[in-house]
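Chains A and B, in that order, give the protein sequences.
Under the working numbering, the first residue of the first sequence is numbered 138, with each subsequent residue one higher.
Under the working numbering, the first residue of the second sequence is numbered 445, with each subsequent residue one higher.
It is worth saying that the hints were derived from the structure and are not from the lab.
Be careful, since some hints might not be right.
Every beta carbon over 12 angstroms from chain B, so not counted as near; a handful from chain A, in silico [said to hold, decoys possible]:
| # | residue |
| --- | --- |
| 1 | 162 |
| 2 | 175 |
| 3 | 179 |
| 4 | 181 |
| 5 | 188 |
| 6 | 223 |
| 7 | 396 |
Computed list of lysine to aspartate or glutamate pairs in DMTMM-like fashion (alpha-carbon distance at most 25 angstroms, straight line) [stated by the list, open to error]:
| # | chain 1 | residue 1 | chain 2 | residue 2 |
| --- | --- | --- | --- | --- |
| 8 | B | 578 | A | 333 |
| 9 | B | 661 | A | 277 |
| 10 | B | 454 | A | 240 |
| 11 | B | 661 | A | 257 |
| 12 | B | 661 | A | 322 |
| 13 | A | 141 | B | 467 |
| 14 | A | 354 | B | 471 |
| 15 | B | 462 | A | 158 |
By construction, the Cβ of each residue, glycine as well, lies at the ideal position given by its N, Cα and C atoms.
The residues making up each chain are set out below.
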Amino acid sequence: MSYKAALRVWRGDHGRGDLADYAVEVNEGEVVLDVLHRLQATQAGDLAIRWNCKAGKCGSCSMEINGRPRLACMTRMSTFTEDEVLTITPLRTFPVIRDLVTDVSFNYAKARQIPSFTPDPSVGLGEFRMQQADVERSQEFRKCIECYLCQNTCHVIRDHAENENAFAGPRFLMRVAELEMHPADTADRRDIAQDDFGLGFCNITKCCTEVCPEHIKITDNALIPLKERVAGRRYDPLVWLGSKIARRPRSTGTPKVPDNRH
Amino acid sequence: MTQVSDAPAKTRAQISQKTLRTDRWWEQPAIVATLLTIWVTYATVHVFIGKWYWVPQYHYLTPFYSPCVSGECVPGAASLGTWFGHLPPIIPYAVVSLPFVLGFRLSCYYYRRAYYRAFWRAPAACAVREPHQKYTGETRFPLIMQNLHRYFFYMVILISILNTYDVIQAFHGKTGGIGFGLGTLIMLVNVVLLWCYSLSCHSCRHITGGRLKHFSKHPVRYWIWNRISWLNARHMQLAWTTLGTLMLTDLYIWLVAAHVFSDFRFYN
Ligand code: SF4
Ligand code: SF4
Ligand code: FES
Ligand code: FES
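Pulled out of the complex, with its shape left as it was, chain A reads as follows:
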């Protein structure tokens, strides 16, 4: 059974643009990306869309469909009624290159600032052993397909572009949490998590978790555990008192990786 769906697609570049109306054929079993491809093939040859795997694994086709950040290739047309108008816009948090394609380089810049895995140099190559129990937590975070839907939805930068410098976003705070939970890692990223990556901006309202197509429990399993780790280091009055009495200088954590690309 096929029908004509009413689509309103954001078209434009340099941030300026508008919603354009189209009527596009939809066949049974199709996803939003199929319909956008048909639109591109039949009516709007110059429509820009980014996609790659069509299987929810490459994270390229992130966009906003009826206001909800989703993967176009994993959003079935059957989730909408036939007379529903579908409004499709690019991700709102990243600069638009053209139509539905945004420039997500913000995320790569943030990724580079995180000190990478730092094993103990005295443990030789191939000597370290890990049990399943030790890697379980990181395995969940490793399911990330880097679609950046979480980064796009997080209100800290979505609604407040001025926080972009101070906040790394859920995807990268999760990366910090993953390394902090790694049994063979020796760096201490708790200070930079708070000072440079802006963990304190997160108010655990869980929108990152809500939109993650890999169903990673970002807030419960990465952000809150990281907040607890930071609280233990920075906001524990007993620890603070102890270090005052013993007059031990507070050890400084691992610094963030300086940005030398400019």
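Chain B with the ligands: place on chain A using the hints.
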């Protein structure tokens, strides 16, 4: 020669609507705001009334008055003795426990999410633009204090032990000796759920095992962490159920104490 093209303009798509969502995204924050307001109003009223918190025949004490430490507390209700003389009416009788219980819920990671969304609207729902010009989250005073959550957790564990003691007291028959009624049962269910809520706390999950890097070296703590994690996944449900059972327990004891109806007794 390669052609050099202009870098794309660094501008986000300019869309004026605060959201393009078409579902009923406003429903959940509205429900949460309503329920929390009802609960807080109810609790405030009963905490300050200073009456109907204790059923002498059966030794029922509402959790809102435990421990009763004010000089006004009726004999029998003051399980830890009275610590003060007569307090002015703006101070509740359980002044030593209520601030911690309140602080625990206020700094709870789940309730934070609930009230930031429902009242502060930062954000009311995902991908709905929030109404504030500036946003600093929990980076500065007063919200940076949320980091002290674990201390409230420690205090609430002590208070939960006291609540458990109150339930044991409530196995009291009208002729003395052992007895139990519907009130005892309600108090028992409430205290079990309160324990589940407190132990499912994210700080508890961190302290008991989450803070470790090397689970395989600490099998016992790893086992505990797994159990707490199971409860923790139900933290939101427990947060709401315990609000319900707290209110029910208090209301039941209130009505029995005020002789609106009498307790339904199973035994003595
Ligand atoms: S939970 Fe924190 S990181 Fe995730 S969307 Fe909300 S504020 Fe952003
Ligand atoms: S954490 Fe989830 S939402 Fe965020 S980039 Fe990875 S897969 Fe996408
Ligand atoms: S095209 Fe790869 S995730 Fe959608
Ligand atoms: S009580 Fe909710 S997180 Fe601690």
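Now for the hints, and whether the structure bears them out:
no.	hint	result
1	162	22 angstroms, holds
2	175	22 angstroms, holds
3	179	24 angstroms, holds
4	181	17 angstroms, holds
5	188	18 angstroms, holds
6	223	9 angstroms, violated
7	396	17 angstroms, holds
8	B:578 / A:333	19 angstroms, holds
9	B:661 / A:277	21 angstroms, holds
10	B:454 / A:240	8 angstroms, holds
11	B:661 / A:257	17 angstroms, holds
12	B:661 / A:322	15 angstroms, holds
13	A:141 / B:467	22 angstroms, holds
14	A:354 / B:471	23 angstroms, holds
15	B:462 / A:158	20 angstroms, holds
Hint 6 from the earlier list is the only one contradicted by this structure; the remaining hints agree with it.
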